[in-house]
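K.L.:
Taking the hints into account, I'd like the entire structure generated from these sequences.
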Amino acid sequence: MAIATRVEGLRQTVRRSRVESLCDHPMRIPLAGKVTITELLQDMSALAMEIEGAASTLYLDDPNAPDEAEWVRAYMNSYGMTIAAGTSEVQRNILGERVLGMAKSK
Amino acid sequence: MATTQPRDFGFGEEEQMVRDSVARYLADNAGIESLRGLVASDPEKAYGSGENPAPWNEQTWQGLVELGVSSLAVPESNGGAGMKMVAVAAVAEEAGRVALPSPLVATLIASCVAREADSPGAAALLGEIAAGAAVSLAGVRADGDWQVDCDEVQASGSNDAPVLSGEATFVQDARKAGSFLVAARAEAGVGLYRVAADAPGLIIAPDRIVDLTRDQARLKFDGVELDADCVVATPGQGSAALMAALPAVLVIVAADMCGAAEWQMQTTADYARTRVQFDHPLGFFQAVKHPTVNMMLDIDRARSLVYAAACAVDCEPAQAERLARMAKAAASDMAGFCSGRSVQLHGGIGFTWECDLHLYFKRQCHNQVLYGDAGRHRDNLAALLD
Chain A
23 MAIATRVEGL RQTVRRSRVE SLCDHPMRIP LAGKVTITEL LQDMSALAME IEGAASTLYL
83 DDPNAPDEAE WVRAYMNSYG MTIAAGTSEV QRNILGERVL GMAKSK
Chain B
4 MATTQPRDFG FGEEEQMVRD SVARYLADNA GIESLRGLVA SDPEKAYGSG ENPAPWNEQT
64 WQGLVELGVS SLAVPESNGG AGMKMVAVAA VAEEAGRVAL PSPLVATLIA SCVAREADSP
124 GAAALLGEIA AGAAVSLAGV RADGDWQVDC DEVQASGSND APVLSGEATF VQDARKAGSF
184 LVAARAEAGV GLYRVAADAP GLIIAPDRIV DLTRDQARLK FDGVELDADC VVATPGQGSA
244 ALMAALPAVL VIVAADMCGA AEWQMQTTAD YARTRVQFDH PLGFFQAVKH PTVNMMLDID
304 RARSLVYAAA CAVDCEPAQA ERLARMAKAA ASDMAGFCSG RSVQLHGGIG FTWECDLHLY
364 FKRQCHNQVL YGDAGRHRDN LAALLD
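Chains as they are written, first to last, in this note's numbering: chain A, 23 to 128; chain B, 4 to 389.
Please keep in mind that the hints were generated in silico from the structure rather than gathered at the bench. Everything numeric in this text was worked out from a predicted model, so none of it was measured. Treat the hints loosely; a few may be bogus.
To be verified - Computed footprint of chain B on chain A; a stretch qualifies when at least three of its residues, placed anywhere within it, have a C-beta under 8 Å from a C-beta of chain B:
no., region
1, 38 to 48
2, 53 to 59
3, 93 to 101
Said to hold, decoys possible - Some chain B residues near chain A, calculated using beta-carbon distances under 7 Å:
no., residue
4, ARG221
5, TYR274
6, ARG278
7, ALA290
8, ALA333
9, LEU384
10, ALA386
11, LEU387
Unchecked claim - Ranges between beta-carbon positions, derived for each pair:
no., chain 1, residue 1, chain 2, residue 2, range
12, A, ALA77, B, GLY192, 46 to 52 Å
13, B, GLY343, A, VAL36, 23 to 29 Å
14, A, ALA125, B, GLY135, 31 to 37 Å
Positions of the beta carbon are idealized from the N, C-alpha and C atoms, including for glycine.
P.N.:
Okay, structure coming up:
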């Protein structure tokens, strides 16, 4: 339910980003999009693997792999997304500096 | 998912105007200095022996009443403003932002319950609120959860002359309220009753609580005699009204947490920007930026869910309970995180009485568990989505 709440929260945040009177800073939600989405996908696929338990060891082409091993593949690939195009850490630097006006990193 | 909700949450010019005028009024009349002077001038006084003094500024409250804020959720037909839930949420958010000690949140909640009942008693109570009365709800189970099957207060006698006995727990801002909306069980089921704070046989026993920005009490009913006008919902009708009001109630509490958390986050970011140690800003030695951004991300999620849930109360009741439980769960977790990080990132000063953070920390602790904590709502969500 925590993940379901985050999914709905993301959907509603995208909706809120288009309502100017409910956004404090114009770049606050847009700049948070990348890190929010990629980390949600990572945590969601990790949860799916946890639910699969031992079956999450089965990979592509194994006839017994649940969902054709989609979740384990998604989980491994999710790190590509949290790293590529500005890692989550760089994204947080950008948010801290551009939206909250905190000091730049060295 | 198909939805009947407007894309902009129905948050239009009128709602924005109400929110902004309340924000301005509170900034002028209930800023942090006045809050500190009011509730935290002296730790001995706040937590010394006896009951919490739970001070509040009645003049500020009267100002809110005159602005029509206390009757925002009262239907127009009952003399209130009849504003949308998204406007009520926005106002609750502003109250949380200044950690306002007042019966505002309690009164908004009581209005949302009373308007779900259709009776002369409900009209009388809503009229009372529209005329400026502060009202608080007594209808929470002993474990603090939202209840619709209350049995801690019992109603006997006829609907023309009901008599209440028993004890209601976790009544918010009881010492600021002029009347109570009491859930009580009769033979035919749960009813709702309007009881004046000075009714003979009613004893208000204050709890000793952590939060300095509100008060809480047990109400002891020792054969409180009422008349027909006091019946807001007849026995058997009360549970439905309480259940119907649940989404609105959760929205109000979650919105309060969002406002308070935004203050915690902005105050922390501000401290990190300005605090210099050994000739360097705070962030030079310590990792403060990322946790502060994490606070912001969590606030944004909870805040979006609050407005979605409020909008559902206005336009899509079938989705209201799901979205409101999500909003309360997200807000409770978020509030705990923001409280912890705000104190930790302030360092030593954050742990002192002189630093205002503790006022928000304690208000958040109270709100986190009020009407069900995050785990409780996720539990209910699982049943809802099955």
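K.L.:
So, for every hint listed, does it hold in this structure?
P.N.:
Now for the hints, and whether the structure bears them out:
Beta-carbon proximity to chain B at under 8 Å applies to 6 residues in the region 38 to 48 of chain A; the threshold of 3 is reached and the given coverage holds. With 3 residues having a Cβ less than 8 Å from any Cβ of chain B, the region 53 to 59 of chain A passes the three-residue criterion, so the hint holds. Using a Cβ-Cβ cut-off of 8 Å, 0 residues of the region 93 to 101 of chain A lie near chain B, which falls short of the minimum of three, so the contact claim is violated. Below 7 Å, beta-carbon pairs count as interface contacts, and ARG221/B has none with chain A, the closest being about 32 Å; its hint is therefore violated.
Violation of the interface hint for TYR274/B is found here, the shortest Cβ-Cβ separation to chain A being roughly 10 Å, above the 7 Å cut-off. A hinted interface residue such as ARG278/B counts as satisfied when its beta carbon comes closer than 7 Å to some beta carbon of chain A; here the least separation is about 11 Å, so the hint is violated. Look at ALA290/B: its Cβ only gets to about 10 Å from chain A, farther than 7 Å, so that hint breaks. Proximity of ALA333/B to chain A holds as hinted, the smallest CB-CB distance being about 5 Å (cut-off 7 Å).
A distance limit of 7 Å between C-beta atoms decides the matter here; for LEU384/B the minimum to chain A is near 5 Å, and the interface restraint holds. At its closest, the beta carbon of ALA386/B sits 10 Å from a beta carbon of chain A; the interface hint therefore is violated under the 7 Å criterion. At its closest, the beta carbon of LEU387/B sits 9 Å from a beta carbon of chain A; the interface hint therefore is violated under the 7 Å criterion. About 48 Å separates the C-beta atoms of ALA77/A and GLY192/B, a value consistent with the hinted range of 46 to 52 Å.
Against the hinted window of 23 to 29 Å, the Cβ-Cβ separation of GLY343/B and VAL36/A comes to about 28 Å, which satisfies the hint. For the hinted restraint 31 to 37 Å between ALA125/A and GLY135/B, the CB-CB distance of approximately 48 Å leaves it violated.
Figure legend: structure checked against the earlier numbered hints; hints not met, in rising order: 3, 4, 5, 6, 7, 10, 11, 14.
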